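2 protein chains.
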Amino acid sequence: MDLTVALDAMGGDHGPSVVVPAAFRVLDEQPELTLILVGDKSILEREIARQARPPSNRISVVHASQQVRMDELPSQALRNKKDSSMRVAIDLVKRGEAHACVSAGNTGALMATARFVLKTLPGIDRPAIIAALPSVTGHTHVLDLGANVDSTPEQLFQFAVMGSVLVSAVDNIPRPSVGLLNIGQEEIKGNESVKEAAQLLAASDLHYVGFVEGDDIYKGRANVVVCDGFVGNVALKSSEGVASMIGHFIRSEFRRTLWSRVVGLIALPVLRMIRLRIDPREYNGASFVGLRGIVIKSHGGADVVAFSRAIREACEEIRKNVPERISQHLESVLATAEAV
Amino acid sequence: MDLTVALDAMGGDHGPSVVVPAAFRVLDEQPELTLILVGDKSILEREIARQARPPSNRISVVHASQQVRMDELPSQALRNKKDSSMRVAIDLVKRGEAHACVSAGNTGALMATARFVLKTLPGIDRPAIIAALPSVTGHTHVLDLGANVDSTPEQLFQFAVMGSVLVSAVDNIPRPSVGLLNIGQEEIKGNESVKEAAQLLAASDLHYVGFVEGDDIYKGRANVVVCDGFVGNVALKSSEGVASMIGHFIRSEFRRTLWSRVVGLIALPVLRMIRLRIDPREYNGASFVGLRGIVIKSHGGADVVAFSRAIREACEEIRKNVPERISQHLESVLATAEAV
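Taken in sequence, the protein lines are chains A and B. The opening residue of the first sequence carries number 1 in my numbering; numbering runs sequentially from there. The opening residue of the second sequence carries number 1001 in my numbering; numbering runs sequentially from there.
Looking at chain A on its own, in the form it has when it is part of the complex (with noise of 0.2 angstroms):
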């Protein structure tokens, strides 16, 4: 199978620098896999020159004279920046001359373009973001992390929906355990569109275990957890805010003196084990999902191995082509849960 994966390459904190790298590095690793790098002509060429890499045909640019700055409101960048970086990777997929495409680029404008020129799915009203996040089990996916910021009970129920499809065909699990976030696990608590978002899920053939809370998601008690996108921000955001104290407390409590130094350095392999197990790195590569075409948001300051993680989870979400089964499985749950 055949995968073309379109890159914004001009896109995130070190643009070029860290994308075409990554380009190469998972070219390597995926012989099936042929990427465009989208951007500046002359900047892409130099930084392809500089990898000294032998010719490839897997590896081409398309230019675009534009840029999305990081902080460019998204209806201004739909409007004026028709030739960024950004625009044509997602046109290229538009056009079915990529299967998706990978951006570190401003999320709004990222998300505001993918859904004027991709679509949304049928049956879905809005799209969501969704990222794996550790668990002391394995992972927990998560959304909706931020594109909407209030929800009906029914977009909550879709999102349920598009949750447990991904997680399905990327994880291999027939029927992943789904959780709605909430502020306890009795009835009833919480806010009215969770309530109603719960009766649904209860209703429909989803294997829904119920209201779950922030801990949850890191107690690996379900595959997937469904909430709005204020809050599933800030809960990435807050455990974000966390991992990187206790990071620091742990840096300065090992710097303290010199005998902590020397245990620091003993220690070293033991804590880079720990730290690699909960590596932002290896969690980068959300997915918009509900859009008719696969859109993957790197994190803007990703480097080398966190961009290249977001490349496979692209090449991986075209292998499994997620977009139509979330369709179909769309189709036939709602019908499902119409007729209860």
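Just so you know, these hints were derived from the structure itself, not from any lab. All of these numbers come straight from a predicted model, not from anything done at the bench. Misleading hints may appear alongside valid ones.
Listing some non-contacts, in silico: residues in chain A with all C-beta distances to chain B over 12 angstroms [claimed, not checked]: (1) PRO31; (2) ASP40; (3) ALA49; (4) ARG53; (5) ASN80; (6) LEU200; (7) ARG281; (8) GLY293; (9) GLN328.
Under the rule of at most 20 angstroms between Cα atoms (straight-line distance), these lysine to any residue pairs were calculated in the SDA-like manner [stated by the list, open to error]: (10) A:LYS219 x B:ALA1243; (11) A:LYS195 x B:LEU1073; (12) B:LYS1189 x A:LYS219; (13) B:LYS1219 x A:PHE249; (14) A:LYS320 x A:GLU29.
C-beta atoms are modelled at their ideal positions from N, C-alpha and C, and glycine is treated no differently.
Based on the hints, put chain B in the right spot on chain A.
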């Protein structure tokens, strides 16, 4: 200044076996303090005898024949448990026989009972739950942590006032910085409640520093972070979940091989220092603010160290006269906001 604190001695997962030793521990530290243990008299007298202390007129027992279960509905506790240890402790505050009460019992029942018995302060629609969370620069107070599921802009504004006054009092910061939790720092982001609350805050005389994101809690970007209770509770629980997962990974990596166990032993003093900096026991004791009285909620699973911390929080809030100050500041701040 004499301080009298009523303790719901039957509340929490451990009841008197934690509350009684914690009571004696804090009595030893604070010579002005008098404690009233509320609960089953015979059980409490037995637990007091087990401490093998000389008799003291600074500790007394008030009998309560009932107990609120951890899973009891707040409405049922309020209706059927009028002689519960929780209710009697709050009644003591209401009658002026105690300056504050501390309970590790059912949060919902405690809030419902405290609101019913003590009433809210003038100008406050709804009480909120506030607690300090660790940050790289010290700590950050966050509210609401789960008393309310949906909040109007005016209520978010009231939370900001309450948080600012409490932090100003207990941390001796004249004008604490206040941030509003959002999913981006740009003006255009967030839901309607948050956007409107931002305008109220910007027009007030609070030291409002704008939108903050989840990770800013732990970066210490503001002294007070304001959000609705759904979002705050998810942020808190997610944070606890990440911290506990990292703790799990640290323990399991240091136990993996014989060599890593040896390394773990060598590193133990440093690991203990790291643990201390994020020890949830040192942050135990959330305040119910907005009531005509001081009510401190201890974590249900609190041990003696953690419950002692909650009693100390009560003492501090009595010394600083927090409810009175909130009431005063609210009048002046609301007057300013209305004048704008």
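So A:LEU200 supposedly isn't at the interface. Is its beta-carbon more than 12 angstroms from every beta-carbon in chain B? With a cut-off of 12 angstroms, A:LEU200 remains clear of chain B, as the shortest Cβ separation is near 19 angstroms.
Checking the smallest CB distance to chain B, is A:GLN328 really beyond 12 angstroms? About 31 angstroms separates A:GLN328 from the closest Cβ of chain B, which puts it past 12 angstroms; holds.
Examine each Cβ of chain B, and state whether all of them lie more than 12 angstroms from the Cβ of A:ASP40. 27 angstroms, holds
Does the structure keep A:LYS320 and A:GLU29 at a Cα separation of 20 angstroms or less? It holds: about 18 angstroms lies between the C-alpha atoms, which stays within 20 angstroms.
Evaluate the condition: distance from the CB of A:GLY293 to the nearest CB of chain B exceeds 12 angstroms. A:GLY293 clear of chain B: closest Cβ-Cβ about 24 angstroms, beyond 12 angstroms.
Just checking, A:ARG53 versus chain B, shortest CB gap more than 12 angstroms? 37 angstroms, holds
Against the 20 angstroms threshold, does the CA-CA distance of A:LYS195 and B:LEU1073 hold or violate the hint? 17 angstroms, holds
Would the pair B:LYS1189 and A:LYS219 pass a check requiring their Cα atoms to be no farther apart than 20 angstroms? 30 angstroms, violated
Using Cβ atoms and 12 angstroms as the threshold, tell me whether A:PRO31 really stays out of contact range of chain B. 34 angstroms, holds
Going by Cβ atoms, does A:ASN80 stay more than 12 angstroms from chain B at every point? 16 angstroms, holds
Is the Cβ of A:ALA49 farther than 12 angstroms from every Cβ of chain B? 38 angstroms, holds
Is A:LYS219 close enough to B:ALA1243, meaning Cα to Cα at most 20 angstroms? It holds: about 11 angstroms lies between the C-alpha atoms, which stays within 20 angstroms.
Against the hints set out earlier in the document, a violation occurs for number 12 only.
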